[in-house]
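A.B. asks: As a plain string of letters, each chain reads:
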Amino acid sequence: MNYPFWDIDIGYGIIMAAIAVIHVFVSHFAIGGGLYLVIAETIARKNNDQLKLQFLEKLSKFFVLVSVVFGALTGVGIWFIIGLLNPAATEVLIHNYVWAWAAEWTFFVIEIIAALLYFYGWKTLSAKNHIIIGWIYFVSAWMSLFIINGIVTYMLTPGDWVVTGNFWDGYFNPTFWSSLWLRTGICIMLGGVYALFVASRYKADDFKKRIVRFNSLWAIGGLAIMIPTMLWYVSAIPKEIVDAALEANLTPIKAMNATYIYAAFLAFVLVVFGFLIPKKYNIVVGVVAMVLALGWFGEYEWMRESIRKPYVITNYMYANGIDVANAEKYQEEGLLESIEFQTADKPADLFRRACRSCHTFDGYKPLKPAFDGTDETFIAQIIMGTHVIRANMPPFVGTEEEAQMVASHIYKQIDKRHISEIYNLDGIALGKKVYDLRCGKCHIFGGFNDKSETLLGSTEEDLGDILDMAGDFADEMPEFTGDEKERKALIDYIMSLNEKEKN
Amino acid sequence: MMPDSNFLSTPLWLIEILHIVTLSLHLIAMNFLFGGIIILLFGNFDDKWNNPFVQKYIKLLPNAMAMTVTFGVAPLLFVQLVYSKQIYAASIISGWLWLMIFVVVMIAYYFLYALSFKQTTAIRQKIYLSIAFACLLYVSYIYSSVFALAEKPDLYKLLYAENQGGTIINPDVGSYLFRWLHMVTGAVTVGGFFVAFIGRKNETAFKVGKDFYLWGMVAAIATGFAYMMGLGELMKPFMKSPAIWLVTISFILSLGSLHFLFKKRFAIASSMLTVSFIAMIYTRHVLRKLSLVGFYDPSEMTVRIAWSPFLFFLLFFLLMVATVWYMLRLYFGKQE
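Chains D and R are the protein sequences, given in the same order. If you count the first sequence from 1, you need to add 589 to reach our numbering. If you count the second sequence from 1, you need to add 51 to reach our numbering.
Next comes chain R alone, as it looks inside the complex:
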């Protein structure tokens, strides 16, 4: 008998927690990056391309990109572990578009680095940043479309029967348009938070950040609501799941964080925002499960507990936290 590979070596809940934690980190970095770029492009700063705050934020972008990619790897691993069939199938249907993600990210990276190394003319800055924006918009759209397709096994089977070349994009745009827009507006919202926070000592920057935070949130609530309304058959089970409570809580917390941000009480505003953020991610997770009901239930996957590999990981994970903390302290702490 050969070993069967279709199993989990730790309980599902453990993997789900890790998935949600690492995905949150990824999305926070992504929002800093993507939301930040949108705000820099469309925000109303004085003498924008010479504004010291804008220059400061621009210098942070490549690092935010590095963190986005780095923290993106882990959740992709965990989601592929649990939903391998669905995710591989959906990504193969859009194969070329999916593969292009890493090329497009490389292009965005290039322009962000070019921007951050030395300040160039206003028009150049605008063009570079716009290119990076277009690249990231592409990435976000492909992610939304592929992950939405992964929740529709009937559809991807049908699509495959017609085209095997990996050049199609999920045609059921209605099922993910608002989901995607919700992610984008959410990024603008959180980006607004970062802008307000980093620019807290600079009145215009704070105001731009605050405004984007407010209007981004309005837009995110609107698109989120539209997405929910479009759930169709999923609506009923969704309303009955604990996720609906989470949505409500995160809605209230978001409003609360808005209030505190306006008062520049960042600690409490960011705590509320974080909790609301994680609740949203968990909601996303519940929705995926609901849409796969009848096709696949991860809790039915064979679990063959083997703790030693997990402990191997855990040890290194703790080491990572300690080392990163130590390095940041060396860097930002007082120099000897």
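So here's chain D without its partners, still in its complex pose:
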């Protein structure tokens, strides 16, 4: 942890997603669009189809601007942002994969030059040479996907690399091929959806009918590749990763399901408007299809990023930049010791290192509502047990004293009134809130680490005993440190569930 921590008010997840989603969208589109252009051009030239050639020339103007300017610069943006948000992980990627990054760059150079020449060459190059440049563009763009794909998939499924440290073991990892073909399908689909968007603004004549049909067929072809390869990709993710997500972190599972829904809607739009009534493919439909494609992609990337939790590089580095190899050492010797950049406020330094990269106090994934109305002892014990909370968080790798320090830092910022006052609750409703705050982080009735069997079968007296002994059940489980009022409300709440169960 040789790096300063960039402490900003915006959640890391938000700022990363904002740049990354735009970039992946544009960069995949830049590949699929390239293939679309060159194939469509070849066909149009063969048939001497001037209208279509005009359409393509127009398309390529915006296309080049988007890929050369937006694609390249958001790519640089990602490069900048990962260095700011997670320098430790970026360092690992650079050191292990510098030659892959460098190889990707060689294709990037070809791609940019080819894009510019293709664009300027409509009038000046012969048909044959123009098409050759178009192919060079597409192949180099796809090759840059091929190369970067090894690094991106390595982060989720580093495979044997974690043991051998061998470049190729991590590079051609278990999800490499499925991801490559899946992304190729995405590229093709996006190229088609984009060409449809441009065509949507054309007036509804026979040319529009022809071009919309062609473009829809293209996009459907992309979708047709995506469906089996997505299934292949998901099945290539090691079972323990998927199981961990299913158990504790439903975000990626929800995102995965959302991709199926988006794909279904997109297929519907493409078949109906694109194929059956192409003249009706107007700008609204064009935008809707773009939004659906973007939605699909956003959910897919969200799944890929969130299923990796608690790691940034599976089994090697936690998402907060802490290396798994040294976790035990920090736990024994203290985390603060290893933080090279410190301020006068040590608890804040620890908090930043341990929690801040995923949480804010009251913005993105806020901690305030999770702790408002509780006490410092409770917070400290929760910190020692973050890895058993229903969220696939990394463990806190510091000493108990340090957990106490982090707790004092959090405690300073929360609402210190009584829970009943903060939320204006009483009786059973108060009890439910107490449960949510003090137990629900780790036990959900009918869900994650369910304790209904024990709790719902108990008498009031048993429940009192359970609360008294709460700290003894497991190292990670906190004692019950709420006051009499909370205690009574909690017991009443559980008893009320008990009643319901019986009826």
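Hints are computed from structural coordinates only; laboratory data are not their basis. Careful, some of the hints might be misleading.
Claimed, not checked - A short, non-exhaustive set of chain R residues, derived as facing chain D with CB atoms under 10 Å: (1) W64; (2) L92; (3) M116; (4) F122; (5) Y161; (6) Q170; (7) I174.
To be verified - In silico DSBU-like cross-links for lysine-lysine, where the CA-CA straight-line distance does not exceed 35 Å: (8) K107(R) x K935(D); (9) K208(R) x K957(D); (10) K136(R) x K935(D); (11) K635(D) x K99(R); (12) K287(R) x K203(R); (13) K315(R) x K712(D); (14) K287(R) x K340(R); (15) K315(R) x K918(D); (16) K169(R) x K798(D); (17) K258(R) x K291(R); (18) K110(R) x K99(R); (19) K169(R) x K712(D); (20) K843(D) x K792(D); (21) K641(D) x K110(R); (22) K712(D) x K107(R); (23) K1021(D) x K954(D); (24) K1074(D) x K1001(D); (25) K712(D) x K99(R); (26) K650(D) x K169(R); (27) K169(R) x K647(D); (28) K792(D) x K169(R); (29) K1040(D) x K1021(D); (30) K650(D) x K177(R); (31) K712(D) x K252(R); (32) K261(R) x K203(R); (33) K717(D) x K110(R); (34) K1091(D) x K1030(D); (35) K797(D) x K169(R); (36) K291(R) x K107(R); (37) K954(D) x K252(R); (38) K641(D) x K792(D); (39) K252(R) x K717(D); (40) K1001(D) x K954(D).
Just so it is clear, CB atoms sit at the ideal spot from N, CA and C, and this is done for glycine as well.
Use these hints to put chain R onto chain D, whose structure you have.
C.D. replies: Below, chain R alone, put in the same frame as chain D:
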């Protein structure tokens, strides 16, 4: 045991060569772009905004920008490989300002494209170009300040202790003001060369280029000298390093290239300029090492040679050179 990531998989010298080569390409493109914009804005062309030479140069600017960005990626990668700790630390201290670079570049791009697509009124052209200029000036200043900060581990630690929000700029302006001005005036100089070369058949354009080449060089020598004088403790080791010879050689070569440019002997002038340019970049490289003495020595980094990934890169690198050459030949060569 988990694999350790703190290593180089090829010898350091190989990475340094690649770094210097790609950085040179980046800076040449940048000088064409940035120096060119400055000259267009401040140069004395007849009927400037309708001048065919000016219009021709304006049309080249977006491409120069594309090349600047493209060739900037590789040296950034290599420098981050060797100096990851220093560069990440310094960029986090100025986090927001650093991140804004790519946004600002996008703005500059937009205006350059707007300019190049179709000719607009004189006043519009002036405004657009000025915006692009301001954007690039910002980028150059942030780069200078962040990279200068990266050479001062004590300072960035201190700064971090006071502000963690990434909103500060390297306060030790004295350590990089002349360094930055040297880069800017150097860009004007090389820009002058390009203007003179592209405008060689147009007397006013050639004269503007030539003048900027001359006065830019004078300014670059002055700021370079001021920067050297301000090196303080680094002065002594610097004087003892081979870099001082390189500075001398590049000084002489620059003057030589001036002479030949005036005579429109571009081939020899540009060769001299290129050698002098690379010598300067190497000098920069030596200075960075000197300023980090006592904190970090890249030659102590673990080297675990693994050639296959490098060969993987080399293969594609050669392919890149061949493909780009082939495409340029298709484009600029005779059309069938």
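A.B. asks: What are the numbers of the hints the structure violates, in ascending order?
C.D. replies: Numbers 1, 2, 6, 7, 8, 11, 15, 17, 20, 32, 36 and 37 - these are the hints that the structure violates, sorted from lowest upward.
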